[in-house]
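**Student:** These are the residues of each chain, in order.
Number of protein chains: 2
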Amino acid sequence: MSLRSPGVAMHCRCIQKESRFFGRSIEKVEIIPASSHCEETEIIATLKKSGVEICLNPEAPWVKKVIQMMMSNNKRR
Amino acid sequence: MSLRSPGVAMHCRCIQKESRFFGRSIEKVEIIPASSHCEETEIIATLKKSGVEICLNPEAPWVKKVIQMMMSNNKRR
Chain A
1 MSLRSPGVAM
11 HCRCIQKESR
21 FFGRSIEKVE
31 IIPASSHCEE
41 TEIIATLKKS
51 GVEICLNPEA
61 PWVKKVIQMM
71 MSNNKRR
Chain B
1 MSLRSPGVAM
11 HCRCIQKESR
21 FFGRSIEKVE
31 IIPASSHCEE
41 TEIIATLKKS
51 GVEICLNPEA
61 PWVKKVIQMM
71 MSNNKRR
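Order-wise, the sequence lines are chains A and B. Those letters in the first sequence? Residues 1 to 77, by this note's numbering. Those letters in the second sequence? Residues 1 to 77, by this note's numbering.
Hints may be right or wrong, so weigh each one.
Identical copies go unnamed one by one, so any copy, or any two together, can satisfy a pair.
Under the rule of at most 30 Å between Cα atoms (straight-line distance), these lysine-lysine pairs were calculated in the DSSO-like manner [as the list claims (entries may be wrong)]:
no.	residue 1	residue 2
1	K28	K17
2	K17	K65
3	K48	K17
4	K48	K64
5	K17	K49
6	K49	K64
7	K64	K28
8	K48	K65
Calculated from the structure, these hints are not laboratory results. It should be emphasised that the depicted structure is a prediction, and the values quoted were computed from it without experimental measurement.
Sequences are here, hints too, so could you generate the full structure?
**Tutor:** Here is the structure:
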């Protein structure tokens, strides 16, 4: 699993980051900005159906695009 | 509280949305795209220290800016 157990975030939660495209199967994303606990922004997506949590690569273009679409796609068409 | 208990997301989790600026006190944000359960994108911020969850207004300019900064501010300076 590419994610440590949440617990108290005294370190980075992501061990590995996925760059493969998961766009359509994302139920929600969690963005944890860089902090004293973890020097990097972490983006954790929860997948539909399985509920599995995966770490996304914040620098992958599709990740930025999916988050922008979530933000702008405010109302469900 | 402006948030329903998580449980199984069969409806919107946000009852009220905050437009006041909370930028610096945000520990993390959760973005839940519009879906069959909830017609609107929901953005739930967890505040530092208190751990309180608040619903942010996805259309408030500062919310979009904070999320963009989290995404681009990948490494802690």
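**Student:** Would you mind marking each hint as holding or not holding in the structure?
**Tutor:** Now for the hints, and whether the structure bears them out:
When the C-alpha separation of K28 and K17 is checked against a cutoff of 30 Å, the pair qualifies both within a copy, at 16 Å, and between copies, at 18 Å. Taking the shortest Cα distances, K17 and K65 sit within 30 Å of each other both inside one copy (17 Å) and across copies (24 Å). Taking the shortest alpha-carbon separations for K48 and K17, both the intra-copy value of 18 Å and the inter-copy value of 25 Å come in at or below 30 Å. Taking the closest pair of Cα atoms, K48 and K64 come within 30 Å of each other both inside a single copy (19 Å) and across two copies (24 Å).
Both within a single protomer and between protomers do K17 and K49 lie at most 30 Å apart by alpha-carbon distance, with minima of 20 Å and 28 Å respectively. Taking CA atoms no more than 30 Å apart as the test, K49 paired with K64 passes in both settings, with 23 Å inside one copy and 28 Å between copies. In the homo-oligomer, the alpha carbons of K64 and K28 lie at most 30 Å apart both inside one protomer (14 Å) and across protomers (17 Å), since each shortest distance falls under that limit. When the C-alpha separation of K48 and K65 is checked against a cutoff of 30 Å, the pair qualifies both within a copy, at 19 Å, and between copies, at 27 Å.
Violated hints: none; the structure is consistent with every hint.
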